[in-house]
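Peer 1: Make the full structure from the sequences, and use the hints.
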Amino acid sequence: MNILIIHEVDWLKKVTYEIHHLSELFSLKGHNVYAIDIPDPGKLSLNKEIACDINNYHRIYEKSSVKLLRTPVIPIKGLNRISAYFTSYGFIKKTLQDYNIDIVLLYSIVTNAKATIKACKESDIPIIHRTFDVVHDLIDEKYLKNIVLKFEKSAYPEFDEVIANTPFMKKWSEDMKSKHVIIISQGVDPNIMKPLPKDLELQKNLQISNQDRVVMYLGSIHSISGLPVILNSIPKIIQKIPHFKLLVVGGGAHLENLKEISKKLGIQDKVVFTDYVPYLHIPRYCSLAELCINPFEITDMTKKLSPVKIFDLLACGKPILATPLEGLLYDFPEESKILIYANLEQFESEIISLLNNKSLESFGRKGRQYVEANYTWENVANRFLKEFETFLN
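When we follow our numbering, the leftmost residue of the sequence shown carries the number 1, and every step to the right adds one.
In case anyone wonders, no lab produced these hints; they're calculated from the structure. Check each hint, because a few of them may be wrong.
[What the hints assert, rightly or not] Listed next, the in silico DSS-like pairs over lysine-lysine satisfying Cα-Cα at most 30 angstroms (straight line):
{"no.": "1", "residue 1": "K179", "residue 2": "K118"}
{"no.": "2", "residue 1": "K236", "residue 2": "K303"}
{"no.": "3", "residue 1": "K303", "residue 2": "K179"}
{"no.": "4", "residue 1": "K145", "residue 2": "K194"}
{"no.": "5", "residue 1": "K153", "residue 2": "K386"}
{"no.": "6", "residue 1": "K29", "residue 2": "K303"}
{"no.": "7", "residue 1": "K386", "residue 2": "K236"}
{"no.": "8", "residue 1": "K170", "residue 2": "K150"}
{"no.": "9", "residue 1": "K194", "residue 2": "K171"}
{"no.": "10", "residue 1": "K29", "residue 2": "K194"}
Peer 2: Rendered as structure tokens:
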């Protein structure tokens, strides 16, 4: 098959994500894979990379090959998205013709979904939409929120199929009048995400001692991360666990705010901030942690989530304490005892209890076995390809 994947992010700058796993795995299975993204120039960029297509791109799987096609944009922050809205139709239509595309997998809504739908309908090419989020819920400004909701209402009925990642997103897609919706959860590669011996060199570089009891947060740092609550709990945690240390692996808009909180609380020596790290290095950081946490606040936006990092952490053999998001409860039901669930206000006592639990490691071993059996990227890729084939046969 000639498969085209379309997103509205910068493929090169986006943290390692499902688009990278699936595109590269599709290519390893013998398909020709093309990807369209929207370059992010930063404030301003005259870098040729912004405008040049990239052949044989891969990030995760050595022998994979994806041709990255870059939407023509004005290389100024903000104007890149606006210009892409107007250039996408012609660019996508030409791509469909030039590469004899058989099927399109679309991840975006706002910038280029309308253009993709028009180009695919005119070329009689099936379009499948992959959905994780109610996009308008991610926007604070009411006027923009309403505009994006209109985009969603007009786009979803036009897709030949929608592949949701959770039951919540399936129901929401159906409420948007989608024709056909199925659920395929996210995945993990257990050959990449795997338990490692403690990385002593990394431990030394991060100024973590052998005595430290490390609890790790992995991922982007948003306003709903729940990390301010964890930071404010540390003075009480260290009364019970004197060698407690929080390792925050990730970055985002609220990182500096967290650093300010730790400074005000006088706990800088108890928190290590790394900012973003390369995806393939995540197992090294996991090797330092006894416990991982996902303390997301539960809101209308977050409750539907099943963050892909959870799959990665489980594959690394780590026990995870998480707030009970509906999306997580679908993938990891409470009765499976794969994740340890607690409300955010209980995290302080739960962290203390778990670090004193001598059977904590057994949670991690069980978690790895569970994702290996149920949630590999290999299985996810095969399920997507099976869906593609139903439209082409």
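Peer 1: Hint by hint, note whether the structure agrees.
Peer 2: Hints, one by one, checked against the model:
Note on K179 and K118: the hinted pairing holds, with a Cα-Cα distance of about 17 angstroms set against a maximum of 30 angstroms. Straight-line distance between C-alpha atoms of K236 and K303 comes to about 28 angstroms, which keeps the hinted pair within the 30 angstroms bound. Annotation: proposed proximity of K303 to K179 holds, straight-line Cα distance about 25 angstroms (limit 30 angstroms). Of the supplied pair hints, the one linking K145 and K194 is violated, its CA atoms being roughly 40 angstroms apart against a limit of 30 angstroms.
Taken as a hint, the K153 and K386 pair is honoured in the structure, with Cα atoms around 27 angstroms apart against an allowance of 30 angstroms. In summary, the hint linking K29 to K303 is not supported, as the alpha carbons are separated by about 35 angstroms, beyond the 30 angstroms threshold. The suggested pairing of K386 with K236 is violated, with an alpha-carbon distance near 52 angstroms, which exceeds 30 angstroms. With a C-alpha separation of about 19 angstroms, the suggested pair K170 and K150 falls inside the 30 angstroms cut-off, and the hint holds.
Among the hinted pairs, K194 with K171 is inconsistent with the structure: their alpha-carbon atoms are about 34 angstroms apart, more than 30 angstroms. A hinted pair counts as satisfied when its Cα atoms are at most 30 angstroms apart, and K29 with K194 qualifies at roughly 23 angstroms.
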